[in-house]
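J.: Can you build the whole structure from these sequences, using the hints too?
Protein chains: 2
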Amino acid sequence: MPGSNVPENLNLHVSVDCVVFGFEFGKLDVLLIERNMEFEGKEYKDLKLPGDLVRKDEDLDNAASRVLGELTGLDNIYLKQYAAIGSPNRLLREPRDMVWLKSIGHPEEIVVTVAYYSLINIDQDKASNFILQSNAKWYTVSEVKELAFDHLSILHRALQVLRADLMLKPIAYELLPPKFTLRQLQQLYEVILGTTLDKRNFRKKVSNMPFVTPINEKQVDVSHKPARYFSFNRKIYQKTHKDSF
Amino acid sequence: MPGSNVPENLNLHVSVDCVVFGFEFGKLDVLLIERNMEFEGKEYKDLKLPGDLVRKDEDLDNAASRVLGELTGLDNIYLKQYAAIGSPNRLLREPRDMVWLKSIGHPEEIVVTVAYYSLINIDQDKASNFILQSNAKWYTVSEVKELAFDHLSILHRALQVLRADLMLKPIAYELLPPKFTLRQLQQLYEVILGTTLDKRNFRKKVSNMPFVTPINEKQVDVSHKPARYFSFNRKIYQKTHKDSF
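Protein chains in written order, with numbering that gives the first Met the number 0: chain A, 0 to 244; chain V, 0 to 244.
Mixed in with the good hints, there may be bad ones.
Said to hold, decoys possible - Taking lysine to aspartate or glutamate and the EDC-like style, the derived pairs with C-alpha atoms no more than 20 angstroms apart in a straight line are: (1) V/K55 to A/D149; (2) A/K79 to V/D164; (3) A/K55 to V/D96; (4) V/K238 to A/D149; (5) V/K168 to A/D164; (6) A/K168 to V/D164; (7) A/K55 to V/D197; (8) A/K238 to V/D197.
Said to hold, decoys possible - Rough simulated footprint, nothing fancy, chain V against chain A, three-plus residues with beta-carbon under 8 angstroms: (9) 56-68; (10) 78-87.
Just so you know, the hints here were simulated from the structure itself, not pulled from any lab data.
Note that the Cβ used here is the ideal one computed from N, Cα and C, for glycine as well.
T.: Structure, rendered in structure tokens:
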């Protein structure tokens, strides 16, 4: 956590903020940090995105990785820069935020923030081994209604970028196991898009995706009718998505 | 131009840089500013992108518009933010750049820059009426081999984003007249992609684009065989590009 003595080599005017989405079957989470403070004599708790000031000796991408690692324990996560956000007083909408910034020795004025997002699969072995720091926790995106500063709007912008990327890039298949059912694929889209989809329309769309190929294997040990497994064919995907002349 | 007295209300650590592409049939230009300076007793001239420091009382998008207007005379141009770039010493690769920054009273250290790009049609009536300031001029992109600071890499990143956008969005048709020939469409793609395309392959691809529709009209007064005109059907485009379930 940023201490009360800010080293001189901090650049006082640029920060990074990281929106880390965690995908689980059934829901989409975001990694947030609990902030505890006192305001007007009362204890006050709220949530913020992992973020901090950029140091003079690091570039922006490195700063984002460092800050995320320091504040949450997450390491080696691919972070995608998606926006720079700076408008006068973006940090000062609540008097308590001003008090808090002063208490940790940060500039209370303009901080332009460079926003990064990431998407990891919480269910997968590798991801479930992440040991989060005590004040960093997963929260269900759809239940997050308030965040410190302008972080709710930074989160919503990240969600827009994630949804656009889901439609344009093969990230769905990076989250799914190597063999998956069409029900799983639909559930993934529903969770990330935050909506329910019509099963018939969805399957019709998928049948027009030559890179989602049925394999000769069905579910076993399920109480319902076993569904066929599908796999993602990256070669066909790349061939059909070579968007050039 | 930024004077030698930087007002106190400038944020010394964040700048904006604008890559304005100008499309003409046959070539792609970029708007650059000539920088004249003295270094080690000799006169020195080079080129840079229009850019300047962000003030504390403006947000990033407004800063980009203001700076572009002040430095080039271009007004009311849609600018798209595409990257924030900050790494130690990005401004200090050449000793003369350091001398120049000092001479105009700017911070010589870290400046994180927020990069914007735009694409306008130089040929079109509206655009040809732009009156550029004397030191802002159009240069052919493919002939730009050197720029001040890290501006060449900022330009190249903008070019990558522009090319990706050309493939994903209907910007080609915003640059073309309402009726156009397939030769014009191919030329536009060639100019922006910086490559030549095979005519047969190109026409095959276009025949699979239901939103490029032939109209019942041909060229007149041309010395070669008159070509058919086509038009862009935005409704069909939007219907076929509704990338959702």
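J.: Taking the hints in turn, state whether each one holds.
T.: Each hint tested on the structure:
{"no.": "1", "hint": "V/K55 to A/D149", "verdict": "17 angstroms, holds"}
{"no.": "2", "hint": "A/K79 to V/D164", "verdict": "18 angstroms, holds"}
{"no.": "3", "hint": "A/K55 to V/D96", "verdict": "19 angstroms, holds"}
{"no.": "4", "hint": "V/K238 to A/D149", "verdict": "35 angstroms, violated"}
{"no.": "5", "hint": "V/K168 to A/D164", "verdict": "14 angstroms, holds"}
{"no.": "6", "hint": "A/K168 to V/D164", "verdict": "14 angstroms, holds"}
{"no.": "7", "hint": "A/K55 to V/D197", "verdict": "49 angstroms, violated"}
{"no.": "8", "hint": "A/K238 to V/D197", "verdict": "18 angstroms, holds"}
{"no.": "9", "hint": "56-68", "verdict": "holds (count 4)"}
{"no.": "10", "hint": "78-87", "verdict": "holds (count 7)"}
Hint compliance for this structure: hints 4, 7 are broken, all remaining hints hold.
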